[in-house]
Amino acid sequence: MLRDIAFWVIIFSGLSLLMLFTKVMWKRYTHLKSLEPGLDKEWVEDCAHHGVATYKGSKVTIKNVRDFTWSSDSKDRDPKWIDSEVDLDDIVDIWYVIDHFHKIKALAHTMITFEFGDGQFISFSFETRREVGERYHPWTGLWRAYELYLLVATERDALHLRTNARKHKVHLYRVQTPPGKDKALFNALCDRLNSLAEKPEWYHTFGKTCTTSIVDQVNLITPGRIPSMWRTLLPGHSAKAAWKLKLIEDWGGYEATVAASRVDERAVTWDGGEEYSRYIRAHLPPK
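Okay, so the sequence shown: first residue is 52 according to the working numbering, each after it adds one.
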């Protein structure tokens, strides 16, 4: 008899806890669904402005390109926002950037840099747009806490911050594109930039990240070019996927390609005399 009573007590207690959990999660879900991303908030300085691209023939002008100069510890910076004009017919190379900012290899940040014949290196980086007082955390990024931000910056800002100020391990891979796809990718990124400037979206730790957002743009111009795979969710492993899919140049096999692509060790010797982007590429295999 006592066993029967204990059994039903456990059953009803479990059901009560399940109902309570369901109620709490439903309230959480409905609250999150009611949240709307915004454009007019008190943003931190390094994402205070949003870029906008305008077209005139083959020329594209991007307003609010970040061009900060960072201190050696990244805590101080000389803020500067500029307008850049590029000619799509002048694209020389596209570079896939992987910033290994954590000792866990899987955790990394990815970017795309376009190199132009006139010496400009323009980087596109999907990031979180943080408000004053906010700090990024992957868990928080699951719950509509940050807006998705497409930073457009000079490479001397976006990459120098990582190689020299933060002392991260950084790799540069030359992207392989069929004729015309380089322009198409630049245009797709600019269209995405303009879209986010008008209609903000939420960042998501798995669904809308630095790497998944790049994958979306590549598949937009070439449907199915990058299939669904776990490596796109773990950016630190994305180089292997890019190499297997022949999205990046093969510099003598995968391991040799990874070894050759590292640029932070050279970047830290940069003294400012030579143009930063050209200096860090001096040892990379020629096209």
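The hints are simulated quantities; they were obtained by calculation from the structure and are not laboratory data. Among the hints, erroneous ones may be present.
Capping the alpha-carbon separation at 30 Å, the derived lysine-lysine pairs in DSS-like fashion look like this [as the list claims (entries may be wrong)]:
{"hint": "1", "residue 1": "K250", "residue 2": "K156"}
{"hint": "2", "residue 1": "K250", "residue 2": "K220"}
{"hint": "3", "residue 1": "K114", "residue 2": "K291"}
{"hint": "4", "residue 1": "K114", "residue 2": "K156"}
{"hint": "5", "residue 1": "K250", "residue 2": "K154"}
{"hint": "6", "residue 1": "K295", "residue 2": "K232"}
{"hint": "7", "residue 1": "K110", "residue 2": "K220"}
{"hint": "8", "residue 1": "K220", "residue 2": "K291"}
{"hint": "9", "residue 1": "K126", "residue 2": "K114"}
{"hint": "10", "residue 1": "K297", "residue 2": "K92"}
{"hint": "11", "residue 1": "K250", "residue 2": "K232"}
{"hint": "12", "residue 1": "K126", "residue 2": "K232"}
{"hint": "13", "residue 1": "K259", "residue 2": "K291"}
{"hint": "14", "residue 1": "K295", "residue 2": "K218"}
{"hint": "15", "residue 1": "K131", "residue 2": "K297"}
{"hint": "16", "residue 1": "K232", "residue 2": "K110"}
{"hint": "17", "residue 1": "K156", "residue 2": "K295"}
{"hint": "18", "residue 1": "K250", "residue 2": "K110"}
{"hint": "19", "residue 1": "K114", "residue 2": "K295"}
{"hint": "20", "residue 1": "K295", "residue 2": "K220"}
{"hint": "21", "residue 1": "K92", "residue 2": "K338"}
{"hint": "22", "residue 1": "K234", "residue 2": "K110"}
{"hint": "23", "residue 1": "K259", "residue 2": "K154"}
{"hint": "24", "residue 1": "K297", "residue 2": "K114"}
{"hint": "25", "residue 1": "K220", "residue 2": "K156"}
{"hint": "26", "residue 1": "K110", "residue 2": "K338"}
{"hint": "27", "residue 1": "K126", "residue 2": "K156"}
{"hint": "28", "residue 1": "K131", "residue 2": "K107"}
{"hint": "29", "residue 1": "K291", "residue 2": "K338"}
{"hint": "30", "residue 1": "K250", "residue 2": "K295"}
{"hint": "31", "residue 1": "K131", "residue 2": "K291"}
{"hint": "32", "residue 1": "K107", "residue 2": "K126"}
{"hint": "33", "residue 1": "K107", "residue 2": "K220"}
{"hint": "34", "residue 1": "K154", "residue 2": "K218"}
Computed spacing ranges between beta-carbons, pair by pair [said to hold, decoys possible]:
{"hint": "35", "residue 1": "P274", "residue 2": "R329", "range": "14 to 24 Å"}
{"hint": "36", "residue 1": "K131", "residue 2": "K291", "range": "17 to 27 Å"}
{"hint": "37", "residue 1": "A310", "residue 2": "K154", "range": "15 to 25 Å"}
{"hint": "38", "residue 1": "W281", "residue 2": "K250", "range": "27 to 37 Å"}
{"hint": "39", "residue 1": "R217", "residue 2": "L284", "range": "20 to 30 Å"}
{"hint": "40", "residue 1": "Y106", "residue 2": "A310", "range": "34 to 44 Å"}
Here the structure is a predicted model, which is why all the values come from computation and not from measurement. A virtual CB, placed ideally from N, CA and C, is assigned to each residue, including glycine.
Violated constraints from the hint list, given by number and in increasing order: When the structure is compared with the hints, numbers 1, 2, 3, 4, 5, 7, 10, 12, 15, 19, 21, 24, 30, 31, 32, 33, 35, 36 turn out to be violated.
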